[in-house]
Each structure stands twice: as C-alpha cells, then as structure tokens.
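**Student:** Here's the letter readout for the chains.
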Amino acid sequence: SAVISQKPSRDICQRGTSLTIQCQVDSQVTMMFWYRQQPGQSLTLIATANQGSEATYESGFVIDKFPISRPNLTFSTLTVSNMSPEDSSIYLCSVETTTSGGFSYNEQFFGPGTRLTVL
Amino acid sequence: KNQVEQSPQSLIILEGKNCTLQCNYTVSPFSNLRWYKQDTGRGPVSLTIMTFSENTKSNGRYTATLDADTKQSSLHITASQLSDSASYICVARRGYSSASKIIFGSGTRLSIRP
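For the record, the sequence lines run as chains S and C. Residue numbering for the first sequence follows the working numbering, beginning at 1 and increasing consecutively. Residue numbering for the second sequence follows the working numbering, beginning at 1001 and increasing consecutively.
Just so you know, these hints were derived from the structure itself, not from any lab. Watch out, some of these pointers could steer you wrong.
To be verified - Simulated crosslink set (DMTMM-like; lysine to aspartate or glutamate; CA at most 25 Å straight-line):
| # | chain 1 | residue 1 | chain 2 | residue 2 |
| --- | --- | --- | --- | --- |
| 1 | C | K1101 | S | D26 |
| 2 | C | K1101 | S | D11 |
| 3 | S | K7 | S | E86 |
| 4 | C | K1001 | C | D1084 |
| 5 | C | K1001 | S | E107 |
| 6 | C | K1037 | S | D11 |
| 7 | C | K1057 | S | D11 |
| 8 | C | K1071 | S | E107 |
Make a model of the complete structure from these sequences and hints.
**Tutor:** Structural data, given as structure tokens:
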C-alpha cells in the first residue's frame, strides 16, 4: 500500500494568482497522477508525472496552466496558474503500485485532496 | 467506447438497512475493477479490487460481485451505518501494462438516515 499526504488541504485564492500543491508518498513510486474533481463530478485525470521525464497531459489540460514537477520518486507538485473561479475543485494526487503474489495487478491509491476555492 | 456507468445516481436508506449499488462497464481489454468510497471533501479509499477471475470479494460489511460475462459489478452494503454516507465510485482498468488506463464511473451518492 501507499500513504499519500497533500499540502495544503484547502485554500481560498484570488483570481489571477497561482497555487502550488504538494504531494508526498511514504514509498518510492514510479507513476504519480494528478486529478481534478469538480463539485458533484467524478475524477478527471490532469496529467501523469513520472520521475525523470516530462509530465504527460490529458486532452484539455496544458503545461502552462498546470505545470508539474517530479524531482524524485516520493514527491511531486502541481501548480494551478492564473486561477479563475472555474478552477475551483478538489485536486487529488494519486500513485500506482504493482501488487505481487499469485496474480499481480496495478493498484491505485489517492491522497486526501486539496480543496481549492477561487474568488 | 470504454466507459463505466453506475446506478443509481443517488440513494437514501435508513440506518441498519442493506443496499446494492450497480456498475456496468464496457472496457476492453478488461484488467480489473475496483470500488472506492469517497467521503465528502476527501480522496477515494479503495474498498475492493477484483480481477476477471474473481466473482465475489468481501471487506467487512461490503461485498462486491463481478460478472465478467455480462460486464456487471455490484457493491452490497449490509447493516448500513451513518458512516457509510459517502460517494461510491466504480473504476475499471483497461489494459495490463504500465500504459493501462483507468476509467471512472460517475459514482453513487449514498445517504444513510437515522
């Protein structure tokens, strides 16, 4: 399993500013993911961040708006840039591990989320 | 089209009652399916994970079933408690390699009333 912490847990920000969200994992993981969850909606993948390479962004998300850093195997940051009220969401960090045993499979764990409100 | 559909969208039941949430998936190639519980304002927490060869898996009062032929899964909650109030999300994984993708359902919002 993996234990994930995020900072800050919540924030209220002004339009036009930027916020950097930190994600810390208690073990080394190759794949880390950033998701957005708008009110009442399910999770939407923003990007995949692998250590040692540039993040891969999903359709509708760009690096200028959501720059990501992945300096090592236990840490990542997501920045929400030039924020607008439409960016108000919960932002979740997630990691994937591979279980071992009779039948290995990928398991995904989620952080507690960062609740962002943009005024 | 790869997608996961959940029903009902929302459900209200009395404390102590049982309930069953449904998930239909059209994901290929199918790797595994998970149910998550997400409390309001928190990240999802895994309840069960099932591969195509597993039919039933239990985690306390939660029992998940999987029918790989009909591509259906259910989550049964027994003797519900107030703390079961949350969103329950069904997630199917497509593919097996590191390039595999997970597909999220839109969730069922469950409310337990005293």
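**Student:** Now tell me if each hint is right for this structure.
**Tutor:** Cross-check of the supplied hints:
1. K1101/C to D26/S: 24 Å, holds
2. K1101/C to D11/S: Violated, because 30 Å separates the two Cα atoms, which is more than 25 Å.
3. K7/S to E86/S: 21 Å, holds
4. K1001/C to D1084/C: 32 Å, violated
5. K1001/C to E107/S: Cα-Cα ~23 Å, so holds.
6. K1037/C to D11/S: 24 Å, holds
7. K1057/C to D11/S: With a Cα-Cα distance of about 38 Å, the restraint between K1057/C and D11/S is violated, given a limit of 25 Å.
8. K1071/C to E107/S: 20 Å, holds
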